[in-house]
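So you can see what is in the structure, the chains are spelled out below.
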Amino acid sequence: MSFRKIANLALGASLAFMVLGLSPAFAQVTRPEVQSAPPTGSGPAPEEWGALAELPDWTGIWVNDWIDQNRQRDLNDVPWNAETAAEVERQIEFSNQGRPSGAHNTCIPWGMPGFMMHTHNAVEFLFTPGRITVLGELDGNNLRRIYTDGRPHPDRLDIDPTLHGHSIGHWEGDALVVDTVYIKPQSEIALSEGVGIANGGDMHIVERVHLLSPNILAFDMEIEAPHILTETYKTRRMFFRRGWGPEWDIVESICLEGNFVDQIDEDGYAIFVPVHPDDQ
Amino acid sequence: MFFRMLSAVGLAATMLLSGNTAMAHHSFAMFDVDNRMTITGVVRDFQWTNPHVLIWVNVEEEGEVEPVTWAVEMTSVGNLRREGWNRETLEPGDNVEVLINPLRNGGPGGGFYAIKFLDEDREFMMPRVAAPDE
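Respectively, the protein sequence lines represent chains A and B.
If you're matching positions, the first sequence starts at 0 in numbering that gives the first Met the number 0 and goes up one per residue.
If you're matching positions, the second sequence starts at 0 in numbering that gives the first Met the number 0 and goes up one per residue.
Watch out, some of these pointers could steer you wrong.
Not close to chain A: a few residues of chain B, all C-beta gaps over 12 Å, as computed [said to hold, decoys possible]:
(1) His51
(2) Glu63
(3) Val76
(4) Val95
(5) Glu119
(6) Glu122
For each label pair, taking beta carbons as the anchor points, the in silico distance ranges come out as [stated by the list, open to error]:
(7) Val58(B) - Ala269(A): 27 to 37 Å
(8) Glu265(A) - Met124(B): 57 to 67 Å
(9) Glu246(A) - Asp120(B): 22 to 32 Å
(10) Glu61(B) - Val272(A): 31 to 41 Å
(11) Glu61(B) - Tyr268(A): 36 to 46 Å
(12) Thr39(A) - Pro91(B): 53 to 63 Å
(13) Asn85(B) - Ala269(A): 42 to 52 Å
(14) Asp76(A) - Glu96(B): 35 to 45 Å
Covered, in the sense of this in silico footprint (three residues per stretch, anywhere, with C-beta under 8 Å from a C-beta of chain B), are these stretches of chain A [what the hints assert, rightly or not]:
(15) 183-196
(16) 250-256
Derived by calculation from the structure, the hints in this document are not laboratory data.
All of these numbers come straight from a predicted model, not from anything done at the bench.
Every residue gets a Cβ at the ideal spot worked out from N, C-alpha and C, and that includes glycine.
Between the sequences and the hints, there should be enough to build the whole structure, so can you do that?
As structure tokens, this is what we get:
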């Protein structure tokens, strides 16, 4: 008997008990009276939508400049502290032997700053009133929300740290200045897909995002990570515009797909089956 | 950290060397980007999946009775689609010559660099990865 059939039988039995009143625990539960509060706030006004047309044109699909990524890695040293530098050297040695380390091997999203620094995939930028959303094929179709409605960062206990942190932004001329905090300590500053160091907490990232030319977008980044760096790490990442329209669209990109194979189960359903080293 | 690293590396290496039709490999750091080599053979499978598309190529090697299956790892589905590829661009039985960055551990695999379709006199290089001069 398949797992699906066993699960269906168990569900059926549970429903029968509930319908027939055979479950004393359920019989004693009374649904509390809850009055839903009406929604608060209001949606954007038409002029707020109209104001978006005055912002720089970041539409279309953008791809990172991989060559420049490598150039930054090779020519712009990260100011690691001494302890971290030793670990970086060890990881470089492993990586050169074909044994990469760092979070990139796990399919856990890069988070910040890796999201902007190390992707090899496409991104797009959606402007809506009070917010810019960065959507990508990178990082398992992950996203960044950058709030541009003037809000501050929340108080420490009003937010949980995340891999991408909390980002607020404002425009200075044609440049978007983004301030990001509350990043999980596991988020790495990485040199490559094989060398990455967890920031350890208290990381603060400021990005100045601006067009260098009509189709090249620069992210000038300043990264403070007091547990692993001796000073602010300044670096640039560049994305170039590929185009607009269906032939360039972002597609689904699930990192974990690589850990499964397609199969048809005994009942004829298409399923994913985890790859196992013994499957050959 | 060390155990995690060994686990990840071990699994990835096992997938690569087993000739499996899928693999848990997510880092291009396993490939020696300073070196290139060419393999010539017959496509066994074209695995159109994220995060990386794979070409499995059967290569006749001296001293081997059976062809050796090489795993050639490409970029993502999205990046390849934007270069005009689709899930039927390669089919089992296609004769190909593939330029790769070989695995650092010497196993039968590598990172994709370019391919020549021997039956069609057609070539394709890895997608553009640098901004054009403007």
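Hint by hint, here is what the structure shows:
1. Not every Cβ of chain A is farther than 12 Å from the Cβ of histidine 51(B); the closest lies at roughly 6 Å, contradicting the non-interface assignment.
2. For glutamate 63(B), the non-interface assignment is confirmed: its Cβ lies about 17 Å from the closest Cβ of chain A, beyond the 12 Å cut-off.
3. The claim that valine 76(B) lies off the interface is violated: its Cβ sits roughly 6 Å from the closest Cβ of chain A, which falls inside the 12 Å cut-off.
4. Distance to chain A confirms valine 95(B) as a non-interface residue, since its nearest Cβ pair spans about 22 Å, more than 12 Å.
5. Interface exclusion of glutamate 119(B) from chain A stands, the closest Cβ pair being 22 Å apart, more than 12 Å.
6. Chain A leaves glutamate 122(B) outside its interface by the beta-carbon criterion, the shortest separation being 21 Å against a cut-off of 12 Å.
7. About 31 Å separates the C-beta atoms of valine 58(B) and alanine 269(A), a value consistent with the hinted range of 27 to 37 Å.
8. With their beta carbons about 44 Å apart, glutamate 265(A) and methionine 124(B) fall outside the hinted range of 57 to 67 Å.
9. In this structure the hint that glutamate 246(A) and aspartate 120(B) lie 22 to 32 Å apart at CB holds, the actual value being about 25 Å.
10. At about 36 Å, the CB distance of glutamate 61(B) to valine 272(A) agrees with the hint of 31 to 41 Å.
11. As the Cβ distance of glutamate 61(B) to tyrosine 268(A) is approximately 45 Å, the hint placing it in 36 to 46 Å holds.
12. One distance hint, 53 to 63 Å for the beta-carbon pair threonine 39(A) and proline 91(B), holds here, with the actual separation near 59 Å.
13. A C-beta distance of roughly 20 Å is found between asparagine 85(B) and alanine 269(A), which places it outside the suggested range of 42 to 52 Å.
14. Between aspartate 76(A) and glutamate 96(B), the C-beta spacing of about 40 Å keeps the proposed range 35 to 45 Å intact.
15. With 4 residues bearing a CB less than 8 Å from a CB of chain B, the segment 183-196 of chain A meets the requirement of three and the coverage assertion stands.
16. With 6 residues having a Cβ less than 8 Å from any Cβ of chain B, the segment 250-256 of chain A passes the three-residue criterion, so the hint holds.
Violated hints, listed in ascending order, are 1, 3, 8, 13; each of the other numbered hints is respected by the structure.
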